[in-house]
Every structure is written in C-alpha cells, then in structure tokens.
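Protein chains: 2
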Amino acid sequence: MAAELFREIDQCVTAPRGFRAGTTACGIKSDAGIKDLAILVSDVPCVAAGTFTTSATKAAPVMVCQERLKAGKAQAVIVNSGNANCATGAQGLQNAYRMTELVAEQFGLDKDLVLCSSTGIIGRQLPMEKIEAGVRNIELSSANGNDFSVAIMTTDTRPKRIALEFEIDDRTVRLGGVTKGSGMIYPNMATMLCYLTTDAAVEQEWLQHELRAAVADTFNMISVDGDMSTNDTCLIFANGLAGNNPLNARHPQAETFRQALNSMLRYLAREMARDGEGATKLMTVNVRGARSKADAVKAARSITLSPLWQCAVAGSDPNWGRITAALGASGCELDQNTYDIYIGDVQLLKAGLPLNYDQAQAKAAMLGDEVTITIDLHLGEGTATAWGCDLTHGYIDENTLYTR
Amino acid sequence: MAAELFREIDQCVTAPRGFRAGTTACGIKSDAGIKDLAILVSDVPCVAAGTFTTSATKAAPVMVCQERLKAGKAQAVIVNSGNANCATGAQGLQNAYRMTELVAEQFGLDKDLVLCSSTGIIGRQLPMEKIEAGVRNIELSSANGNDFSVAIMTTDTRPKRIALEFEIDDRTVRLGGVTKGSGMIYPNMATMLCYLTTDAAVEQEWLQHELRAAVADTFNMISVDGDMSTNDTCLIFANGLAGNNPLNARHPQAETFRQALNSMLRYLAREMARDGEGATKLMTVNVRGARSKADAVKAARSITLSPLWQCAVAGSDPNWGRITAALGASGCELDQNTYDIYIGDVQLLKAGLPLNYDQAQAKAAMLGDEVTITIDLHLGEGTATAWGCDLTHGYIDENTLYTR
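Read top to bottom, the protein sequences are chains G and A. Each residue of the first sequence is one higher than the last, beginning at 1 in our numbering. Each residue of the second sequence is one higher than the last, beginning at 1001 in our numbering.
Note that these hints are calculated values from the structure, not bench results. Worth double-checking, as some hints may not be accurate.
To be verified - Covered stretches of chain A, going by a simulated chain G footprint (3 or more residues, C-beta under 8 Å):
{"#": "1", "stretch": "1086-1095"}
{"#": "2", "stretch": "1312-1323"}
Stated by the list, open to error - Only pairs whose alpha carbons sit at most 20 Å apart, straight line, appear in this in silico DMTMM-like list of lysine to aspartate or glutamate:
{"#": "3", "chain 1": "A", "residue 1": "LYS1073", "chain 2": "A", "residue 2": "GLU1203"}
{"#": "4", "chain 1": "G", "residue 1": "LYS350", "chain 2": "G", "residue 2": "GLU381"}
{"#": "5", "chain 1": "A", "residue 1": "LYS1111", "chain 2": "A", "residue 2": "GLU1139"}
{"#": "6", "chain 1": "A", "residue 1": "LYS1363", "chain 2": "G", "residue 2": "ASP397"}
{"#": "7", "chain 1": "G", "residue 1": "LYS363", "chain 2": "G", "residue 2": "ASP340"}
{"#": "8", "chain 1": "G", "residue 1": "LYS363", "chain 2": "A", "residue 2": "GLU1398"}
{"#": "9", "chain 1": "G", "residue 1": "LYS363", "chain 2": "A", "residue 2": "ASP1397"}
{"#": "10", "chain 1": "A", "residue 1": "LYS1293", "chain 2": "A", "residue 2": "ASP1340"}
{"#": "11", "chain 1": "A", "residue 1": "LYS1035", "chain 2": "A", "residue 2": "GLU1139"}
{"#": "12", "chain 1": "A", "residue 1": "LYS1363", "chain 2": "G", "residue 2": "GLU398"}
{"#": "13", "chain 1": "G", "residue 1": "LYS293", "chain 2": "G", "residue 2": "ASP376"}
To be verified - Which bits of chain A does chain G cover? Going by a derived footprint, with three or more residues having C-beta under 8 Å, they are:
{"#": "14", "stretch": "1341-1353"}
{"#": "15", "stretch": "1385-1397"}
Virtual Cβ for every residue (Gly too), placed ideally from N, Cα, C.
Please model the entire structure based on the sequences and the hints provided.
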C-alpha cells in the first residue's frame, strides 16, 4: 500500500458511509451453523459496475447481474455460498431473480437495484425456502463488514478484506473491498467473488472503465490452477455520500481514486493467490522488456500457470529450465539470445545463457513464503506482473478426496 | 488396432527392412550403466519428414533437424538422454552439429543426412568427449529396435513401441515407431520424442503432409500437465526398400498407409498419456456435435487439461461440475441448453441439465484404469478426441522432490 495516498481502516465493505451488511447460517451448506448467506445494502441507490466470468457455462446469478447492470445502477447484493446455481436451467434463473426479490421485499428496495451471487456446488437447485427464511433473519449493520467477508468464504483459509481512506475534493472518501476464492477454488465449486464499495461520487461509465482496467492488471493476473469458474463476479457500488464532485476522466483527482482502486485490487489479488488451495508460497512473476504489454502478460501468466514450475516453487528448487520452457511455450515474442532470468535478486540467465551464479544464493531466494521471478526480454517496453502459488500435496488432497 | 488392415510385429523401428539401431551407456546420465545414447540408421538414404515443438526456446537439436529436413532426406538419427542441449547458445548448436558428424564419420554417411535429438536437463553443455566415445562404442543391428526404445526413456516407467505390417502394391510394407515422454515429463527436462520408420516408398511432400495430419490428431491431443517442451520432435524415415510404387495422394492404397500411420500414432499417444508422471488412469475425452473441428479440439483439450477434473479422475469422483466449468472456459461455442455429458456409458447431463442418474453407476464408470468422457454439444458436425491422465501425489513427488 502506498501509505502517502491512502490510510487503511477497518470494516472493509461497510467502511464507506451508508453501507450496511448482514449474514446468517440458513442451511445451504451441510455443516450446521456455518454462515452461508450475506447481504450488502447501500442506504441510497449507487452507481454500479461489474466484471464477470467469460465462461460459456456461466451461472444464473451472473446472468442476472449482467442484465441488471445494463442500467449502471444498484443498491444491494445478496450472496450465498454452498450452491453455485449453475447448470440449473430456467428454474435456476428464476431462483436467482427470486433471491433479489426477497431482498427487495425485506428491505424496501427496488428489485431491479438488487444483484446476486452464488458459489458452491454446480448442478443443484437452490433451497429457496431456506434462503427465504435466511433473508428474513438477517439484520443489517455498518459493523458487519468483517462478518460479510467471512460468510462468503468456501475453502478459503482466511478472509480477504481491506478498506482505504483518502481525500477527493477535500472530502474524506472511503473504498472498501472483500474477495473470496481464487480461480476454481472449491471441489465441484467455483468462483472468485469480489465486492467493492465506496462513498465517492463516480460517473458510471468511468467507474466501469476503471474497474475493468484494474481487474485486468490484478484479478485477471492471478492463477492457482488455471481453471476459470462459472461464477466469477466483481462488483463495485459507489453511493456518492462523500459529497465530492463526481469522478470522471477529467476530474483533477481521478488518479488518486485510480491508484486507490488498483492498490486495493492488487492487495486482494495477492491475498487470493497466497491462499490458493494447498499453497504454501506466493509467487510473483514480473516481466519487462516485452515487445508489447500483451506479450508480457502471456509470458508472466505462462510461468505462474506451469505445474512443473509450481512444483519447483513448492520444493524451493531454482530449477530455471522450467521457467525457460514455460516462457518458450507462452507464445510471447522472444529472442533466445537476449532474455534474462532472475529469482529474487539473483540473476541466473543473461542473454539466454546460464551465468555461473551461486547455487546457495539461488536456493535461498526460493526458501521464503514469497518467491519473485523477474524476466527481462530486452525486446521493448511491455511489462506485466502475474501472481500464483506453488503446487503441493494439499491441492491434490483437497480436490481428490472430495465426496459429495 | 484395426486387425483387418495391419498385423502387429516385433522390434518397432528396426522392423522395416534396412533399419538398424544401436545403444550405449556413455555417462551423460549420472547413473552409471544407464543407457543414454542411441543411434538409428537406414542402409540407404530415406525420404524424411518431421514435426517439432513450437516453443520459442527450442533446443539446438531441434534447430538442426529443421534445417536439415528442408531437403526432405535423411538416413540416420542420434539421440541422447540426460541433457536437453537447450539454452546452450552457439556452443550448443555447434555440439548438436558435431553429434551428427560423429555418426557420419563412424558409419560412413553424409553428415547432412544425419539428424539429432536430445532430452534431459536444460542449460548445460553436452559432454562431447563422452558422446564421441559412445558413438565409437555403438554397434548397429536390426535386432536392436527394442533396445532403442529403452535408451531414449527418461522418467517413462515403460517403453512405448509398436510395429505394423500391411500390403501396398502386393508388397509387404512395415511401419515401426517408438516414443518417449509425454509433455514436459521429467524434472527440469522435457520432451516427447518419436521416431518412425518404414520401408515403404513415399513421396516426401505427401509424407510430410500425412505426418503433420496424424500428429495433429494424436500427439497434439495428449496432455499430462499442459507444459510444452523445448525439445519435442517427431521424425519419420521412409527408405523405400519394400519396392512399392511411391505413395502419394493419388496412390490407390494411400488410405491404407494413412490408417496404419494414424493407428500407430494413436496407440503411441495413448501409451504416453497413460504413462504420464504419477498417472494411474488414462482419460479419453470425446467431443462431438461441435460447431467446428477447432471448437471440438478446444473443448476436448480443455477437459484433459483441467487440474480439478484430473484430481476428480484420480479420486474416481463423477464430479461433473468440473467438466461443465472446463467446457465453459474452453472458448468453444456452447449453448447451455443443448449439451450432454456422459462418463463411460452413463449419461449425466441432457440439454445442459443434470439427469437423475444412478450415482453408483457413475462412480463405477470412473473406477477402472481407463475413464472415458463424452460430450455432445449438439451444434454441428465437429468431433475430436483428446487423451490425458489423472493428477496425483505421484506427479507432485516427481516434480517437487527433485534435486540437481
């Protein structure tokens, strides 16, 4: 976090003015008492934007969000864990709409301003009676942001949440965020979910543009296993209660908001990669000197996605041949006589050939719980950073030993 | 194997007339006495063709093969295991050429007709003195085909080899083949290698075309971990000693040769997938009803490449939500209201919705050492088959616990 611009504060999504949350255990998950239903509501309608999975088998709630966000406005979201409402056909779509109606009825909102998300098992209809009872049971409070971050978890070992405070037009503006998951993070389940709130006033078109750009550089650059989910959703709600002049590309402090948003998403993305199934290490891959940004993205992602290199990271083995192979297979433009590879601060390759580096230093650079690989292709100005994790027995156990 | 057209015979690459092979342990691999050098020679110059890795970090021997095969002729190949001769720069390229010269000198061949392959550790120069002594030590015999199939192995648990016999122009024609590896199959190593021999007379252009087509449907449709190697090589040598009229697209028995070649490559591809690192099950994914063949290929490969589904296969868990997710993420055109999924003979989904199938039957269809998934997209005529394997602790162990 760039401490100069932002201050970290508590309660994540309910830190901005006018946002309240509530959670309950309504029995969707088989484990009794585990929270599986959460609602986030703004006191006033918000400018809203979203990004979603590009899967061709996307879940019903994703379709509902995409439909409703065409208007660029929203005021609430309801989230359940334990059931993905995916591969559920017309009934599933009807149930997703019904979830939003329940929230609208309970809290006196326009149903067209209510969004929904689901994460969990694919191919089962939602238990609507339990959800209906759950919604009636939920009480909203601005002190429940942290509870919200916990209720949306599936195999996450810890919640991922943050809130920042900064100034726009001499008003104190707050931005809060929570995420769960990382790629396909749960057996037969799915889904990265992310909810962002701000009390800044923001023009919708610019908000959508900035969200998409920030997601491209952060959430779209993390991977655990390369599996894309049917339910991935990232939503941002801006209710304007801070009273600033609406942010847009011409606002003199647009860059402050942009940097806060990017810092927040980068933090949350890294936390998701670090908490990947079975992960013991966070891997960061920096690529520079690529012919284009697209090439840098290909190269960086290819290395985080290589199971062989992920295994080397698990074993703290500076086995750079696997980086070379992943780089070669990535599809990025590459000259075998110009690329450099570093692990941590130790340069292993220069101009495509191994240096006589210190093996112990290279090993030492792999031993911590964060491993950083840097590639310089020396072909242009393209840069990118991707995050991933190691591949361990823990991943196999979580995903093999599952029983319905 | 289609028994009507072909008969299986012994000695793989030396089964066709006029091919001899020899192997030795020259000390490239650290384990003393393990064979690591192999040579295959035809008595007469051959029409030859090849397909290679598309990696941007391809190894020196791949460059040598690609250069020499421009002439469409070859007579021999030398293969070492234990060192990939990759990321070795100008010196590596010089060493690769030198390997071919050693074979030419030893066996009285034109060096421009000698090809070479390497598989093993990336980033080390070849021990040329050991290779020189090894070449001098090798004796060629038509009884050594099976030895050849063993000498090129790295982490393979068993050799993959086959030979077929069939008739062209009333001549008995033989076709032999060996492979090693499967994707990136060895720690810090690489490489699928395949060598095919035939005594059929074949026109070069048609041979190259047929090889490329057969590889596209077989070797390019297998995966273990999605990692492409720097050294992948598939070579075919046709020496014409069977005395048939040269095969080309207009030859009345072109289809016989095509089917023999395809059957052989499919057999070898399946054997490689079955022997993937840590694999306990062969996975076959059949896709039909796709809008195009390209779409079918995307869909089939996406399922074999999903680590989550590979873990489900390991656990014999008919967890079809992971198939749905992989299918959705594949990029193939898909209608959520039309696709069917089968595991073995058990239909799990019809028109995108789960059937009330028998859970025990679905589980039973996963229990054997071969699991077959069939997807019907009901959108067109495109079909494809991909092969893969499960993902187990064995894979993690082989690739994490490695030490240089």
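Contradicted hints - numbers only: none
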